[in-house]
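Colleague: For chain A, the structure is supplied; the task is to place chain B on it using the hints.
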Amino acid sequence: MVSSLIRYGKSVLVYLIWAALLSGCIAGVPPWERDLLAEKKMQLIPDPAENEMDEKIYFSKEGTSGGQGIGGGGCGCN
Amino acid sequence: MNGKKSIRNALAVAACTVLSQTPAPASADEFPWKADLSTLYYTEKDRVTVSESIASLRREIGSDEAFGLKVTFDTISGASANGAIFGANAGGVQTVTSPSGASRTINIGGSSRIDPLTEFTDTHIAAQFAFEKALWRTLTARAEGNLGFENDYDSYGAGGLLSGDLNHRLTTLTGGLSFNNDTVKPIGGTPVALNRVSDPTRLGLGEKRTIDLLFGVSQVISRTTITQVNVTHGMTDGYLTDPYKIISVVDTAGEPVDNLFESRPASRSRNTLFWRTAHHFTEDVIHFAYRYAWDDWGIRSHTADLRYRYELARGHYLQAHLRYYTQSASDIYRFSLAEGEPIPLFVSADYRLGNLITQTAGLKYGLPLGKKMEFSVRAEYLQQTDADDRFPKVDVLLVQATLSYSDLVDYALWSRPPP
Chain A
1 MVSSLIRYGK SVLVYLIWAA LLSGCIAGVP PWERDLLAEK KMQLIPDPAE
51 NEMDEKIYFS KEGTSGGQGI GGGGCGCN
Chain B
1 MNGKKSIRNA LAVAACTVLS QTPAPASADE FPWKADLSTL YYTEKDRVTV
51 SESIASLRRE IGSDEAFGLK VTFDTISGAS ANGAIFGANA GGVQTVTSPS
101 GASRTINIGG SSRIDPLTEF TDTHIAAQFA FEKALWRTLT ARAEGNLGFE
151 NDYDSYGAGG LLSGDLNHRL TTLTGGLSFN NDTVKPIGGT PVALNRVSDP
201 TRLGLGEKRT IDLLFGVSQV ISRTTITQVN VTHGMTDGYL TDPYKIISVV
251 DTAGEPVDNL FESRPASRSR NTLFWRTAHH FTEDVIHFAY RYAWDDWGIR
301 SHTADLRYRY ELARGHYLQA HLRYYTQSAS DIYRFSLAEG EPIPLFVSAD
351 YRLGNLITQT AGLKYGLPLG KKMEFSVRAE YLQQTDADDR FPKVDVLLVQ
401 ATLSYSDLVD YALWSRPPP
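As they're listed, the protein sequences go chains A and B.
End of the first sequence sits at 78 in our numbering; the numbers just go up one at a time, nothing left out.
End of the second sequence sits at 419 in our numbering; the numbers just go up one at a time, nothing left out.
For the record, the hints were derived by calculation from the structure and aren't laboratory data.
Note that the Cβ used here is the ideal one computed from N, Cα and C, for glycine as well.
There could be a bad hint or two in this list.
[What the hints assert, rightly or not] Each pair of labels, with its calculated beta carbon distance range:
| id | chain 1 | residue 1 | chain 2 | residue 2 | range |
| --- | --- | --- | --- | --- | --- |
| 1 | B | Arg209 | A | Pro31 | 42 to 52 Å |
| 2 | B | Tyr405 | A | Pro31 | 22 to 32 Å |
| 3 | B | Trp136 | A | Gly28 | 13 to 23 Å |
| 4 | B | Arg59 | A | Arg7 | 38 to 48 Å |
| 5 | A | Ala38 | B | Arg59 | 17 to 27 Å |
| 6 | A | Pro31 | B | His316 | 38 to 48 Å |
| 7 | B | Ile187 | A | Pro31 | 57 to 67 Å |
| 8 | B | Ser63 | A | Pro31 | 12 to 22 Å |
| 9 | B | Phe179 | A | Pro31 | 32 to 42 Å |
| 10 | A | Pro31 | B | Thr123 | 42 to 52 Å |
Isolated chain A (complex conformation) (with noise of 0.2 Å):
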């Protein structure tokens, strides 16, 4: 358990620096230009009641799940 903790840290330090460096490439998108980004439908789960519903179904009929988030309760169907 340990052992995967610090290779999961080392893995998160090398992606923060990607992050770092990429997030200088972008170009800024002042907050007067964010209107479409502030539409509901824009949101990265615009549908909460879908995004758990489907969520729940894929973890209790496949063999991975997770990415999205973390926790959220267990569930006996897998």
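Modeller: For chain B alone, kept in the frame of chain A given last:
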């Protein structure tokens, strides 16, 4: 003297005025809330039927705090594949195991299906409490607790997320950690791994603990595009065997001669790399996600998920959904065991650990009910196929209806100015 008194009086009056000033009642816009009511009907051909409802509420309780409550209730009935092989000599009779742990025999050989035992049901009720607080202008924390109860399963969990905005709020970094402690409690206890199914010996409850870690970055790319990448790592240890799954031992002709309870390792380490992006075509919106997942049981999976929202008139919309999932089999997966071969320490014939493909297609229709309320209904069809072509296909139909209230609105509803 009089002058002093009048100053003192004036000060007292001023102090009282300040103290007695009650804050203006908060308007709905000042402390916004969100609510979702959703119900799902899910049915597998000849197998399980699930009916599930979710009620969720999120209320801001000040300028920098929010409280969330979500309650889920579902009922499940029917039978699910247990991993055993259907023998040609079995006369069309197969033993299946219910979620509540009671075995029954179904006859699918005849034209009509005969169930000698009563239909079973299982119910699941779960609640989630969440609290969010802005710790700093650009730093938000979220803590949540989860409870879930079924006839044969209990789950307790807690977790936390920390999100920080950088780069003029164009970049958000998120870190999260969650714990779960679950109990598997089939009626009568858990079976002994690799024992014959006919052996009535049962052990105590099964306990398992899970830790999940998440690190994510979301990034505004342009006025019309946002993207997010997450990496997650999860570790579970304890009773990870499915007490209802069995594996057949077959003779040289491939006919089952015995059935054993399956056996899975007592720990599992899981990883995912998840990427999603949303792009606004100034009316229509496309959401795309890809996930690569792998674990130390040998499963590798790829998932692609596409949702295209097509705007109709007056805020109505249609959304198409396509999803493709493919996974390679786990190292412990075997379709069956050969008679006389040494029994592996860990083995499962659960098709969900096999070479599996899931394909989904769906359509959703949404319509606004006023400025902040929306109703939507979707229907989806999904099919699971065994890439080894050994287990029968699973066909699923689901229908979901949702009533949603949110302060976040789509400009499309209100004659958006041209971009």
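Colleague: Next step is simple, just say for each hint if it's right about the structure.
Modeller: Here is what the structure says about each hint:
For B/Arg209 paired with A/Pro31, a C-beta distance near 44 Å keeps the hint of 42 to 52 Å intact. For B/Tyr405 and A/Pro31, the hinted distance range of 22 to 32 Å is satisfied, since their beta carbons lie about 26 Å from each other. At roughly 21 Å, the beta-carbon separation of B/Trp136 and A/Gly28 lies within the given 13 to 23 Å, and the hint holds. Restraint check, B/Arg59 to A/Arg7: a C-beta distance of roughly 40 Å satisfies the suggested window 38 to 48 Å.
The supplied range of 17 to 27 Å is met by A/Ala38 and B/Arg59, whose beta-carbon atoms lie about 20 Å from each other. Between A/Pro31 and B/His316 the beta carbon distance is about 30 Å. The supplied range of 38 to 48 Å is therefore violated. B/Ile187 and A/Pro31 have their C-beta atoms about 58 Å apart, which keeps the hinted 57 to 67 Å range intact. Separation of B/Ser63 from A/Pro31 is about 18 Å and conforms to the stated range, judged on CB atoms against 12 to 22 Å.
Look at B/Phe179 against A/Pro31: about 37 Å separates their beta carbons, and that is inside 32 to 42 Å. For A/Pro31 paired with B/Thr123, a C-beta distance near 47 Å keeps the hint of 42 to 52 Å intact.
The earlier numbered hint that this structure contradicts is number 6, and it is the only one.
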